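> Residues per chain, in single letters:
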Amino acid sequence: MFESLSDRFDGILGRLRGKGRLSESDVAEAMREIRLALLEADVHLNVVKRFVDRMQARCLEAEVTESLTPGQQVVKVVNEELTVILGGESLQLSYAQKPPTVVLLAGLQGSGKTTSSAKLARWFKSQGRNPLLVGADLQRPAAVEQLQTLAGQIEVPVFSSPGDPVKTTQAGLAEARRTGRDVLIVDTAGRLTVDRELMDEIAAISDAVDPNYTFLVVDAMAGQDAVNTAEAFHATLELDGIILTKLDGDARGGAALSVKEVVGRPIAFASTGEKLDDFDQFHPERMAERILGMGDVLTLIEKAEEVFEQEEAEAATQRLLEGTFTLDDFVDQLRKVRRMGDLSNIVSMMPGVPKEIKDSDIDEREIGKVEAIVLSMTPEERISPDIIDGSRRARIATGSGTTPARVSNLLKQFKEMRKMMKGMAGMGTKAKARKDKGKKPKKGKKGPGRARGSRAQSKETLEIPILDVDGLDLTLPGR
Amino acid sequence: MNATLLIVIFVAVMVSLALLPWAHRTWTTGRKTSGDDQTAVAPLTTRDSARQDCGLGDNPSEESHRDMSAPPTSVSMREKLSKARGLISERLGGIRSGSIDVSTWENLEELLILADVGVNATMDTVDRLRVTSRASKVSEGTELLEALKNQMKSDLSTDRELAYIAPSGKTPVWLFVGVNGVGKTTSIGKIGRRLGDQGLSVLMAAGDTFRAAAAEQLAAWADRCGADFVRGSEGADPSSVIYDAVQAAASRDVDLVLADTAGRLHNKVNLMEELAKVHRVANREPGQVVEVLLVIDATTGQNGLSQAREFADTVAVTGVVLTKLDGSAKGGIVFAIERELALPVKLVGLGEGDGDLVDFDPTSFVEALFGDD
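Residue numbers (this note's numbering), protein chains in the order written: chain A, 1 to 479; chain B, 1001 to 1373.
Simulated from the structure, these hints should not be mistaken for laboratory data.
Quantities reported herein were computed from a predicted structural model and do not represent experimental measurements.
Beta carbons: idealized from backbone N, C-alpha and C, even for Gly.
Wrong hints could be hidden among the right ones.
What the hints assert, rightly or not - Straight-line distance between alpha carbons at most 20 Å, and here's what the computed SDA-like set of lysine to any residue pairs gives: (1) Lys422/A with Lys275/A; (2) Lys275/A with Glu1090/B; (3) Lys275/A with Lys1170/B; (4) Lys49/A with Val1119/B; (5) Lys49/A with Gly1355/B; (6) Lys98/A with Asn212/A; (7) Lys275/A with Met1272/B; (8) Lys49/A with Trp1105/B; (9) Lys1170/B with Val1281/B; (10) Lys49/A with Gln1247/B.
As the list claims (entries may be wrong) - Interface residues of chain A toward chain B, partial, derived using beta-carbon atoms under 10 Å: (11) Gly112; (12) Ser126; (13) Asp248.
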């Protein structure tokens, strides 16, 4: 089972929470984890080395070392840096003065050039252009047919001719001019960079039509060798951008980072499926997180976004943090969570959840029982559970098919939880207060600390919540 | 499980989930606003919706590819890999330079990682080497390198036999599976050629009913090797195509069926289920699946291990075909696959020509991993 980077950090640096400062050896340990994560993500060894060296310095800065959650800070800083490297300036496509704008696609066999050519054609069409596709892959059986079939779906013409790819491309260019097409997309055969003859061929194709844009198509699952491939193509063709394909797989995609570092050109497009509309501009933040191994978190977020309404969720969270969270709210959220799917899966994806909870077996039937208990309460009881006495408890127990003991247990834990959540918000604000003031808040005084406390809802004060394991009451009742 | 824990989990889940999208945005954009800085992100979904029918093209009317009828060239692994020799890194030189020190071990590790062997397998391999080399008192870098090679060669499992006959007397089927673009169809073409040369009659089944012109591509190969060929109609159910193919093979008394399938990413649940069905159907009277060959691209990184795991779980893979090893990539991932999953590499693809296929040889493979003298 894949262990996420956050997990690793929780492990190492969890010990350091509250320590106040990270030492150099702490940072070195963190860097080892980063190195491991990046290598497992297929980032090239040399790229990893350079990156980690840079990060080492950055992580010794106050921002990280004085953070209350140094582990998270390290991840955050690394994530930011990766995003910057992967992003940088995006490709601003500009069209040739004298049409057509020529776009050349190159890459290894099987990287996805033909499908990407068709996707590009569709994309250009959506930008109001009139593309022409050139089937210059005369090497692979039925390659041109494949392009023709795909092009047919988007009503884009394809030009091809047998014999010599260079001549075919030239003829394609002439055809584009003749028929007034303003974009020419050239699909070429896959080729190995060690094949001198074929590398000369693509150089010849490029020389013959002088492309405005040359894209290297890279498979997201590529390993260490991606760098060699990119360097060779860049040296031969002078690339303008990269198209990253098969991102719908679960490869971490470190090759993207390596290639970007080495070629220095933007990753222009991301291909996320086999359908022609599975093609979009590249988003560096998501890629950075994916490379770091936080892809699970992204899936979780997506699931959550599907089910939870942003405002609703924030309002519910607000109430929780203020201590005004009711049992009604609880049941609402419970149902939403259920809709997200298999609970144990979800819990395992969550960052910052203690191991004990992650490893425990979550019985979905228990969820039903808890829900039943709450539903057996009157609205009044749900808003003010304190009024629930023995007879009410008995009634609820009967109504839900449980026992009075269970009912009181639920109520007790719910209360504890409310207290704890309120305390969490308090923690965040106290931290900020301390940081801002540089001194500890005084006990019992209604000073700025308390005032800030009442503004606990203010989002600035909250970091990504980690459950404070020590603060949790995990004692089992009566056992 | 008691309710206490349950509630704790629920609230944790609920709070984190509620906060997650907002927190995530804040975290990544560095701005402390509410959700209106929502960037339009390209959804990286892991569930595939129903596939759009791309259909199959018409029969290719003109010869729009290079003349494919050139005679097959027999090629040795050495010859083809000689091109990759030129890319031996300086690390090799560093290792061979003299006695063993810390940098020697670092260089060894790095060579393995650069070959896509992966961190776990690398550390494991090197740790074991440390122990054995100390015991046998290896002192020179060159010696150490040889010791490593020998260790790795012996790590690679030995049974690489391909099954040509179904014990039950049924029509044997080789099922080719793998992710997109690895070289399944081309491999079938080469294997068909080889089997034909060996005097066996072959039927190629165009089980890729999804990708545009996939059947045409396989048809071209069948044509070249003089193999029988069965395809389905546009967008047909792959299981039914395979079934028809096996029926045809049985009635025509063909020796072996080579069944192509559509490339599919292993994390796509419904596609993997589709593959499981194809396998079940192919295994029905009168056919028997005697080989499930997972095709892996030598340029693949660590994802290759995930691929192998998932495919093996779904369709009981019997062997690996490692393709595109004639490039600069070392294909080290198969070392990890063999070690962790005991899946033997049976065949190696060394080019796009129909003769560019060899049996996997651990010695050549390991030698090539570290360059060749």
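> A separate judgement is required for each hint: does it hold in the structure or not?
Hints and how they fare:
Straight-line distance between C-alpha atoms of Lys422/A and Lys275/A comes to about 48 Å, which puts the hinted pair past the 20 Å bound. Using a Cα cut-off of 20 Å, the hinted pair Lys275/A and Glu1090/B is violated, with the two alpha carbons roughly 43 Å apart. Among the hinted pairs, Lys275/A with Lys1170/B is inconsistent with the structure: their alpha-carbon atoms are about 38 Å apart, more than 20 Å. Restraint check for Lys49/A and Val1119/B: the C-alpha separation of about 15 Å stays at or below 20 Å, so the hint holds.
Proximity of Lys49/A to Gly1355/B is assessed by CA-CA distance (about 41 Å); at most 20 Å being required, the pair is judged violated. Proposed proximity of Lys98/A and Asn212/A is supported: the alpha carbons are some 11 Å apart, at most 20 Å. Taken as a hint, the Lys275/A and Met1272/B pair is honoured in the structure, with Cα atoms around 18 Å apart against an allowance of 20 Å. This hinted pair checks out: Lys49/A and Trp1105/B have alpha carbons roughly 17 Å apart, not beyond 20 Å.
Annotation: proposed proximity of Lys1170/B to Val1281/B holds, straight-line Cα distance about 14 Å (limit 20 Å). For the proposed pair Lys49/A and Gln1247/B, the alpha carbon gap of about 57 Å is over 20 Å, so the pair is violated. Here the hint on Gly112/A is kept, as its CB sits about 6 Å from the closest CB of chain B, short of 10 Å. Because the closest C-beta pair between Ser126/A and chain B is about 14 Å apart, greater than 10 Å, the hint is violated.
Look at Asp248/A: its Cβ gets to within about 6 Å of chain B, closer than 10 Å, so that hint holds up.
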